[in-house]
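Peer 1: As a plain string of letters, each chain reads:
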Amino acid sequence: MTQPERSASAAGEARVVALVSSGRHPVSGRAGRAREDARAVEMGLALAGASLHLAHAGDAEDAALPEYLGMFHGLEGAGGPGELSLLPMAAGDDAVPLLANWLEAYGANLVLTGQRAECGEGSGLLPYLLAERLGWAVATGVAAIEHYAGDRVTVLQALPQGQRRRLEVRLPCLLCVDGVAPMPRQSAFGPSRRGRVEAVANVTAEPDTLQAAWQWQPARARPKRLKVVKSTNARDRFKAAAAKSSASGGQVLTDLSPEEAAEKLIDYLRRERILTAPSGE
Amino acid sequence: MLQTLLPILIFAALAVGAAGAVRRIRLWRQGRRTPMRWHRLVLMPKRYLNDLHHVVARDKAIAHTHVATAGGFVAAMALALVVHGFGWRNPILGGLLLAASLCMFIGALAVNRRRIDPPAKLSKGPWQRLSKSLLAYSVGMFLVSLPLVGVAPTVLGGGVLALILLALVAWGLAEMLIGMGWGGPMKHAFAGTFHLAFHRRPERFDDQHRDVAHDVHRGSRSTALFPLDLTAKTLGVEKPADFQWEQLLGFDACVQCGRCQNVCPAYAAGQPLNPKKLIQDMVVGMAGGSDARYAGSGYPGIEVGKHHGGPTDAIVPQLVEAQTLWACTTCRACVEECPMMIEHVDAIVDMRRFITLERGETPEKGAAAIDNLIATDNPGGLDNASRLDWAADLDIPRIQQRPEGVDVLLWLGDGAFDMRNQRTLRSLVKILRAAEVDFAVLGDEERDSGDVARRLGDEATFQRLAERNIATLSRYRFQRIVTADPHSFHVLGREYGAFGGDYVVKHHSTFIAELFDAGRLSVKAAEPGETVTYHDPCYLGRYNGEFAAPRQVLAALGVEVAEMERSGYRSRCCGGGGGAALSDVPGKARIPDMRMEDVRETGATTVAVACPQCTAMLEGVVEPRPQVKDLAELVAAALAEPAAAPTARNSTEAPEEVPA
Amino acid sequence: MSVRRLDPHAERARRNRLHPRHLEFARPAWRWTSADGVTRINPHALGAIGPNGIKRIDRSGASVEAAAGGTQASAEPSRRQVTIDTPTAYVAVVPELPEGRLSDHDRDLLGLARQLAEARGGAETGVAVVAVTFQAEVAGLEEAGADRRIDLSSQVDADSYAPEARLAALAAVETALAPAHWIFADDFPGGGDLGRRLAARLALAGDAAARAARAATRVWQFADGQTLSRAGDRQDIQRDVARVLLALPECAEPVSDTRHAATLLDLDASAGDASAAPGVIDRGRVAVDPQQIPLAQAPFILSAGRGVSDWEGYHHAAKVLGASEGASRVAVDDGYMPRARQVGATGTFVSASCYVAVGISGAVQHLQGITKCQRVVAINSDPSCDMVKRADFAIIGDGDAVLAAVCSQLGQPQPQPESGDSRHEEVRHDAA
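Protein sequence lines, in the order shown, are assigned to chains A, B and C. When you line the first sequence up against the working numbering, it's residues 97 to 377, in that order. When you line the second sequence up against the working numbering, it's residues 35 to 694, in that order. When you line the third sequence up against the working numbering, it's residues 292 to 723, in that order.
Since the hints were derived computationally from the structure, they do not count as laboratory data. Honestly, I wouldn't trust all of these hints.
As the list claims (entries may be wrong) - Just a sample of chain C residues kept apart from chain A, beta carbon distances all over 10 Å, derived: (1) A469; (2) A506; (3) R576; (4) S642.
Stated by the list, open to error - In silico DSS-like pairs for lysine-lysine, Cα to Cα no more than 25 Å straight-line: (5) C:K663 / A:K320; (6) C:K610 / A:K360; (7) A:K335 / A:K320; (8) A:K360 / C:K680; (9) C:K663 / A:K335; (10) C:K346 / A:K335.
By construction, the Cβ of each residue, glycine as well, lies at the ideal position given by its N, Cα and C atoms.
Just need the whole structure built from these sequences, with the hints factored in.
Peer 2: In structure tokens:
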């Protein structure tokens with residue numbers, strides 16, 4: 097893990113906020129830190145140290161909140177207890193206006209959060225709705241923050257197959273942290289006990305009317321797609337159903353000298369664009 | 035000249051030593067205060083002569099040496115104070131003084147011989163000097179006292195010879211009295227005295243305890259960890275001053291004999307832990323300074339002299355590396371062996387508590403296990419509802435269906451998720467059925483006992499699990515709990531008491547032995563030719579004193595038991611306790627490999643075990659090796675098949691009471 | 292559709308068993324399609340006399356087909372052509388197009404779009420599926436089910452990540468066509484990102500009705516006029532079809548029996564000029580050390596097994612090729628490779644686009660671990676081993692020698708560690 101560089105001035109005035117949500121354990125469904133949100137907090141702690149501020153819209157009694165606050169340890173400097181601003185609302189309320197107003201009032205500069213919540217709607221729309229409302233930039237799939245100074249932050253975005261892309265994002269912005277970001281630190285009991293949850297006064301949550309028309313049901317297992325062969329004759333359908341998968345066999349080259357074999361292999365890899373063709377530098 | 039100088043010398047040494055002693059006491063009292071119980075000082079002689087001597091006497095030669103030297107010194111010092119100090123020159127007292135000095139001289143000679151080519155476990159440095167000082171004091175005191183009985187000419191009272199004698203006595207007094215107060219090797223006598231009196235676990239000296247009767251120990255096996263007040267300002271021990279003052283006093287009593295170092299499995303495996311060095315580091319931390327003056331074996335792989343500490347400085351990592359603390363398997367071999375009754379494991383767990391609860395730096399796999407315990411109630415992160423999947427075909431009665439209560443609640447432990455241990459559990463169920471025991475299980479209401487969380491220092495998670503388990507158990511009626519897991523056995527039986535859970539808990543070896551005694555199990559004759567050895571699990575043996583029952587079971591099976599050199603209370607740990615398998619500190623060898631080597635030395639083809647953790651660790655040793663079988667498996671395999679199949683239906687009828 | 296033509300001579304010869312050329316014509320006709328489209332089989336024309344003199348009918352048809360010379364080889368059933376002249380409404384699909392091609396996921400999205408279009412009346416009422424691409428020349432849109440296509444490659448650079456420019460281009464499409472539904476792949480950081488941006492834009496900028504239409508994410512089924520979305524905590528949301536749908540793979544069956552026009556729609560390219568400075572600027576790909584990529588995600592794996600003896604050479608080859616290292620269980624058990632590098636059912640399931648197995652015979656568990664690999668290359672001295680059978684490209688020979696030859700042909704033979712082209716000396720970034 098590389099520590100992000102940051103200029104002193106930016107870190108000094110910067111208000112880094114991590115939006116956290118209540119996670120659900122995949123096996124037990126018990127409330128706890130959400131996978132991606134915990135990584136967002138970790139990223140924020142690496143960037144801003146103990147000055148990172150947490151925010152949560154929801155229930156004050158949520159078991160996840162102390163767990164996030166328990167991550168405020170091992171920080172440089174004073175390392176005071178973690179602080180979390182709680183915007184009280186019920187499960188059916190709309191978090192977007194609450195958070196947007198609070199972020200504006202707080203003067204947040206960089207907001208970190210996970211890509212998708214593990215409970216409720218879990219649509220992953222919230223950062224985008226916030227960004228649209230506030231007119232901020234938003235970047236998703238963030239795996240690391242490389243540089244944070246002035247009016248820009250440089251991040252690495254996770255791409256499929258372990259690849260990375262460097263992005264420069266204008267501040268203020270929202271960064272959605274991907275699950276491949278560095279592992280979050282352990283949540284310790286002591287700091288979690290000392291962490292402060294402060295309910296923000298004078299906020300009234302509006303119920304989310306859109307959800308009223310929806311029906312919630314326990315998730316059904318997704319049906320496994322059958323390989324349906326649309327053929328007019330039964331033999332082909334039978335063959336397709338009974339065939340051993342991909343035993344077709346590809347090209348087999350025998351009796352080659354190692355040099356010839358290497359040549360063929362390199363040709364194949366270049367043809368398949370695995371290896372880049374020799375550039376004429 | 036002698037008669038004028040000797041009292042001055044003695045009283046000066048006493049005064050300087052007393053000043054040092056006051057300073058020393060101040061050092062101890064930096065720790066967290068507890069109410070003083072002065073009357074405990076009265077208990078000291080009994081504890082010294084009885085309990086401590088019992089431990090020391092495991093090595094007869096050392097015991098005799100110590101009796102001669104220490105006894106001689108105490109007598110000689112007391113008499114010298116009267117005779118030379120206060121000038122009561124009674125020939126009888128003089129004679130006694132000569133005899134005491136002689137006795138001490140003989141002891142000191144033995145000490146000296148041991149110091150010529152000292153074994154590796156002993157510390158050198160000042161401890162090498164001590165044997166010479168003992169000789170100097172005894173010889174000096176002897177010769178100085180000769181005139182009292184009129185043997186030597188009074189010429190001794192003047193001249194060079196007198197000066198030499200005085201110097202000898204001065205040397206001896208400096209070492210004995212001044213060194214006692216100011217931190218020389220003799221400090222152990224002074225600190226040890228108070229340590230015995232104010233020991234944090236007075237039950238260890240209690241002869242009237244209600245633990246197993248056939249234990250080799252006189253005192254109770256007071257092995258439960260102390261509960262941590264989760265509302266305290268700091269959790270666990272960050273700096274030496276965070277220890278309770280009795281603990282600091284205990285560290286100061288260390289004689290650096292190295293018995294703990296000799297038995298520590300982590301030290302033998304080349305992991306960076308040495309209990310002796312750890313205790314000395316605590317002393318360094320308490321007094322402030324660096325560990326450069328330590329003259330014994332260090333932590334394997336860590337150089338001596340690079341660490342320093344102070345009473346209010348953080349211990350990790352300036353004084354002790356975190357790796358050192360995580361290498362401990364909490365096997366208590368060091369505590370068992372310590373002649374000064376020092377509690378190493380308590381200290382290590384106290385420091386781990388700080389690392390886990392305040393710093394959140396539990397080793398990676400340990401942290402994952404704790405997270406899983408919080409989220410799923412088992413360290414593997416598995417669905418707790420699958421706890422009984424292995425028994426789908428066994429039709430095991432659930433306690434929820436038995437509101438009237440059962441005789442035995444079978445506590446499965448987390449081994450229920452492990453395929454290897456499921457074989458053991460199936461065997462145990464077979465045995466219980468064969469003996470027609472009325473038993474039931476909690477099913478998915480059972481949670482991890484909290485053992486791993488507690489040893490890893492996460493007292494918060496442990497207490498949460500304990501409270502929930504106690505709440506669950508309070509809803510059902512049963513006579514006793516039987517478990518095949520010594521860790522659950524220990525935690526349920528000894529550690530839940532502090533949280534309001536008092537149960538009769540029996541390890542399955544004890545329970546099976548009782549079934550044999552009651553004649554409720556019949557077994558086929560053992561096949562001859564197979565040699566079996568038995569590996570004592572730490573949490574069954576050293577923690578709970580149950581050494582006999584497993585051996586009774588093996589005897590009942592008619593197998594020949596070849597004992598390992600280190601068995602019983604000296605059994606070597608498998609390396610799986612205390613979360614050590616999770617923290618997985620690298621060393622030169624693996625602890626289970628060393629233990630399997632012990633097994634091989636006996637020539638046994640099978641090693642009988644009684645703990646899921648030991649089974650897993652020992653089976654992890656690469657083949658070819660003796661096979662690893664749980665006691666339950668051995669018994670189940672030897673069961674004489676009853677004519678009628680034992681069924682669950684029989685078990686609902688109330689069986690006759692088992693004689694306990 | 293091909294017109295079925297009859298050869299009267301052949302027909303006559305087929306009917307007349309005594310015709311000298313009867314067999315020549317009759318034999319292939321063991322199976323035919325009647326005028327009603329029903330498959331007819333003539334059992335008399337089937338089978339062969341077995342060794343015992345008994346006629347055997349091989350219903351698998353293998354022998355007959357072989358005899359028939361494969362003239363009737365299973366041609367894919369012909370697709371029905373669907374054309375819409377004047378669309379009245381649109382369902383827009385933004386396919387992912389990894390590597391410039393339609394992926395399976397994209398076909399599913401188009402299949403979902405077709406289902407939604409059918410639900411609104413289909414081709415009869417003029418509901419057209421329009422594929423919005425940021426790349427020109429996308430092949431296969433016709434078969435995948437697009438009636439129209441919009442090519443935005445002139446406005447947005449296809450290769451760089453410019454979500455705001457893309458969003459502006461999509462907003463222009465929205466103004467022009469006002470599609471009934473937008474369908475994206477719910478996949479970060481591609482369609483999942485873009486779709487949410489569009490959804491947020493529509494939700495906050497539009498009128499009350501648009502605002503009410505919050506995007507449906509992780510849609511995995513469309514049935515009875517409603518969609519099912521996977522929500523956070525093991526729950527599904529059933530709701531009316533939203534305006535913006537972000538759909539998971541296998542959300543619908545791909546189109547298989549129709550063929551569409553995929554006519555290019557020309558929109559005014561005036562919109563989409565980035566008015567403000569972009570908030571997110573792409574600074575290009577970052578070289579990632581292949582050894583730092585978690586094995587399960589690695590795109591290119593060079594895996595070694597028992598057949599490798601020159602381990603130095605193998606590590607070097609992995610470096611030269613820029614491949615992540617993998618290993619069979621044997622190589623791990625023997626201590627040549629760390630446990631974390633083991634591929635297979637007992638190790639890591641990998642999903643590389645190219646998996647090169649050197650000296651791995653291909654135990655079942657190992658093959659299970661590589662089922663998701665797109666291309667498998669085997670280098671093995673045993674031509675009969677399972678890995679060679681599984682491989683798309685196999686070289687029979689000594690793995691060590693081939694790897695050494697590959698390194699030297701790429702200009703980096705092993706004994707010269709200082710050699711190496713600049714490509715491999717870039718600063719690698721920690722991907723972990």
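Peer 1: Hint by hint, note whether the structure agrees.
Peer 2: Going down the list of hints, with the structure as the test:
For C:A469, the condition that its CB be more than 10 Å from all CB atoms of chain A holds, with the nearest at approximately 19 Å. The beta carbon of C:A506 sits about 6 Å from the closest Cβ of chain A, which is not more than 10 Å, so the claim that it is off the interface is violated. The beta carbon of C:R576 is not kept farther than 10 Å from every beta carbon of chain A, the shortest such distance being approximately 6 Å. A Cβ of chain A approaches the Cβ of C:S642 within 10 Å, the least distance being about 8 Å, so the stated non-interface status is violated.
A distance of roughly 16 Å separates the Cα atoms of C:K663 and A:K320; the hinted pair therefore holds under the 25 Å criterion. With a CA separation close to 19 Å, the supplied pair C:K610 and A:K360 stays within the 25 Å bound. With a C-alpha separation of about 20 Å, the suggested pairing of A:K335 with A:K320 holds against the 25 Å cut-off. Between A:K360 and C:K680 the CA atoms are separated by roughly 18 Å; this keeps the pair inside 25 Å, and the hint holds.
Of the pairs offered as hints, the one joining C:K663 and A:K335 holds, with about 22 Å between alpha carbons and a cut-off of 25 Å not exceeded. Of the supplied pair hints, the one linking C:K346 and A:K335 holds, its CA atoms being roughly 23 Å apart against a limit of 25 Å.
Checked against the numbered hints given earlier, the structure breaks hints 2, 3 and 4 and satisfies all the rest.
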